[in-house]
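Undergrad: Protein chains in written order, with our numbering: chain H, 1 to 116; chain F, 117 to 232.
Keep in mind that a hint or two might mislead.
With a straight-line Cα cutoff of 20 Å, these simulated EDC-like cross-link-like pairs (lysine to aspartate or glutamate) come out [unchecked claim]:
hint : chain 1 : residue 1 : chain 2 : residue 2
1    : H       : K103      : F       : D127
2    : H       : K77       : F       : E202
3    : H       : K77       : H       : D95
4    : H       : K58       : H       : D9
5    : H       : K103      : H       : D54
6    : H       : K77       : H       : E8
7    : H       : K103      : F       : E202
8    : H       : K58       : F       : E220
9    : H       : K69       : H       : D95
10   : H       : K22       : H       : D85
11   : H       : K69       : H       : E15
12   : H       : K49       : F       : E202
13   : H       : K49       : H       : E66
14   : F       : K181      : F       : E202
15   : H       : K49       : H       : E15
No lab work stands behind these hints: they were computed from the structure.
One letter stands for each residue in the lines below.
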Amino acid sequence: AQSVAQPEDQVNVAEGNPLTVKCTYSVSGNPYLFWYVQYPNRGLQFLLKYITGDNLVKGSYGFEAEFNKSQTSFHLKKPSALVSDSALYFCAVRDPLSGGYNKLIFGAGTRLAVHP
Amino acid sequence: SAVISQKPSRDICQRGTSLTIQCQVDSQVTMMFWYRQQPGQSLTLIATANQGSEATYESGFVIDKFPISRPNLTFSTLTVSNMSPEDSSIYLCSVERISGAYNEQFFGPGTRLTVL
């Protein structure tokens, strides 16, 4: 069965330090991978996606993610964290069996807390 | 990106009652989706709503509990029927929009429902 795992419930980082939010996946075909961010009392905002091509994907707000096929991972990274990055982050994978539309399977979410 | 609005943004309801959530998009879209995010949990797809046809429900969700309407290409409603405290969640509408070679999914701000 297709699944997404975010092994950390919470990640704590000091402002200015690099951050990593981990995501691993399990799908039967070639994965389409996504990161979304949810700020308090707001909907999900799209950060970045991997469909094909370069394994390093750059997205919004200075975030990037690296697709690693051998490790089935798609970790989210940022070189220098900001307090304003504190939010809930979701990794998602497109279900390759969903046919022509974009049925997403979400991970449990990781709460990122950036401390001043 | 798509501009998606939801009404109401939040509500507190009594058990046994029903609530209808509206989702409005700023332009025509083919696919609309309804997700549920229970407290402290990830997003779960409830159903996919196509204009002019019956909604397609995911395992564990039924039409009698979550009836959906899709009268046109910019609007959909989700009703949470005969509510119980277990229905307390954030309900999110999302739409699929063509972006390059792939369809991206954008989310509304969500409706925060509390059932007493």
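Undergrad: State for each hint whether it applies.
TA: For each hint, the structure was consulted:
| no. | hint | in the structure |
| --- | --- | --- |
| 1 | H/K103 with F/D127 | violated (28 Å) |
| 2 | H/K77 with F/E202 | violated (35 Å) |
| 3 | H/K77 with H/D95 | violated (24 Å) |
| 4 | H/K58 with H/D9 | violated (24 Å) |
| 5 | H/K103 with H/D54 | violated (23 Å) |
| 6 | H/K77 with H/E8 | holds (14 Å) |
| 7 | H/K103 with F/E202 | violated (24 Å) |
| 8 | H/K58 with F/E220 | holds (16 Å) |
| 9 | H/K69 with H/D95 | holds (16 Å) |
| 10 | H/K22 with H/D85 | holds (16 Å) |
| 11 | H/K69 with H/E15 | violated (30 Å) |
| 12 | H/K49 with F/E202 | violated (33 Å) |
| 13 | H/K49 with H/E66 | holds (10 Å) |
| 14 | F/K181 with F/E202 | holds (13 Å) |
| 15 | H/K49 with H/E15 | violated (25 Å) |
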